[in-house]
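Asks: Residue numbers (my numbering), protein chains in the order written: chain A, 16 to 191; chain B, 15 to 412.
Just so you know, the hints here were simulated from the structure itself, not pulled from any lab data. Incorrect hints may have been included.
What the hints assert, rightly or not - Using C-beta positions, here's what the derived DEER-type ranges look like: (1) 62/A x 294/B: 49 to 57 Å; (2) 141/B x 47/A: 27 to 35 Å; (3) 69/A x 298/B: 42 to 50 Å; (4) 295/B x 34/A: 32 to 40 Å; (5) 295/B x 47/A: 35 to 43 Å.
Cβ atoms here follow ideal geometry from the backbone N, Cα and C, with glycine treated the same way.
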Amino acid sequence: MKALTAALLVLLAACGKGRVIFNIDVLSFLSASDSLKGYNVIGGIPQTDSTVSRQFILPPGFGKSSVDSVSATAAASLENATGSGSVQFDVFFSKAQGSLFTGTPYLTASSGAVVGADTVPLLPPTTVSLADSVFNTDSLWVGIRARLSTNVGPNMTGHLRLNQIQLRIVLQDKVF
Amino acid sequence: MRTGVVAVALAVLALAPTRAAHAQFSFDARRYGMGGVSLSRDGNVRRYNPAYRAVKNKNHVAGTPKFSIPVPFGLIQFFKDHPINQLGHDPMFDPKSTAFNPVALMDVIFNPPIFYEVKKAPLPTNDVSFTIGRNQLIIDLGATKVLIPEQEFGLGTTSRLLDVGAGFAGFHVGVMGFLQYDVGFTLDTTLRNFLVNDSTARPNTAYFVNVDGTAQAGFAPTVSYAGRLTHGAGGQDTDDGFYVGGALHYYFGATYGRAIGPAGFTTGAPPVLGSTPSPLLNGDVFTSNKPFGRGVGGDVGVVWISGPRRLGRHLAQDEAAHYLHRQRGAAHGYRHDRRWRRGELRSRHGDPCRGRAAHRSPRHSRGCVTRSAEEDAVRFWRGSQARADRSGRRILHA
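Kindly generate the complete structure, drawing on both the sequences and the hints.
Replies: This is how it looks when you write it as structure tokens:
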């Protein structure tokens, strides 16, 4: 399918000026177990991370094109069963796995204080980055991090359910 | 991957010239601007409208130069932008360059920068979006969707490449060469839905274009007659008047080839974006195993000239000629399913004097070609049925 996309991009180059927009459903590249991540953390832990990282392939041409803008959108929900604490939901993108969770996350949202059985939506605001060189690549890593902080007491258990991770990458005119 | 795609794109573009070579490479700006239409009563016209042979071209205007030297101003700008001593590293000509664009290169080849563009033509703008997921690839071509043809589209040209001979008293005997190619493409429904209806690409699915291409060449001894029926107001000293002409061709096909079949790819197993599609190239290639299939054809034409105004009309009837194989000592063909080409821009005649040719005929007048066909399965029509099938080809152009 990369071949089809590449061929279309070549021919589209002949169709005048314009933008090439990629709407990427990043969530679909994650497995079911990645999309519904369980946690069980004993009480009184100030910070512990649960992460998921996956590589996904972009159509050829990204590595050589200039990215005009990137919009990232995500939605998740914290389905807490027991215990209390808070969860910070972060989404990272990187060209390399090694540097995935370093730096500032593209998307971040905090659950605030959660006590007992409760479901809390995590809706980080959409971010827009301009001329981001991270996306000048044919393959990209996405990392999801749940940073838990538990209160003293029973274990904090539950699930972090990912509902949406979407990228909208706009290339200006030249793909090749 | 990219090299392969670029190679395919170049091949497609190279095989798809939409205008006749004469028109593209003409140094005459007036002729270029008129889409290659012949501006003089030269041999280009005579090959098609035999009445022109009687025109002596006496209408010389005082002060008209005997010849002109074109100055390709456009090349000055081109070589300023692309210095000759750096062409080896020029992104336009270097496929390894990240800025290499095969479409731009082919545009230069098919539209040589001979003329200086005083004003750039405005380019349309269009956004194209791709929706990509693990099992999803949807393309929204935006306004470009309207360019995806629903029916067969194609490219075809028939050129009379040469016309040599001698004449006396209105009669002319000579030999005319002809070259014809005709390529038709039809998008398979699955591919068209993918491109037009925003449907997602599916795994293990074939996406292809049905290709039907024919190429052939040959020569035709020709006998023609042209004469002037009436004189205009200028009398004998001018070309004004009404001319008629007729030509009879006896065609010999020298070579012939036809290829039919799907070309595309088949997507792999899910996820559709992660799997590598396999090429799909199937079909049949037919070539003539015995040259010199024969046939007859004819042209009649009229020309009216009055001062700077001229009007020519031409009717051509080519029986068989081009599409014949010989078998058992006789010329035969097999009928092509009649298909009208719609929504296409095609030059039926390569010669630019046919810039306004109106093609209103089936693709093949009577020719050799298919049903679902193997070469061995060719059906030959004889006798009355054959004559009934030979509708002939009529071309009216002014």
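Asks: Now tell me if each hint is right for this structure.
Replies: Checked hints:
Residue 62/A and residue 294/B have their C-beta atoms about 54 Å apart, which keeps the hinted 49 to 57 Å range intact. Residue 141/B and residue 47/A have their C-beta atoms about 34 Å apart, which keeps the hinted 27 to 35 Å range intact. In this structure, residue 69/A and residue 298/B meet the distance hint of 42 to 50 Å, their C-beta atoms being roughly 46 Å apart. Checked against the given bound of 32 to 40 Å, the beta carbons of residue 295/B and residue 34/A, roughly 33 Å apart, stay inside it.
At about 38 Å, the beta-carbon gap between residue 295/B and residue 47/A stays in the expected band of 35 to 43 Å.
Checked against the numbered hints listed earlier, the structure breaks none of them; every hint is satisfied.
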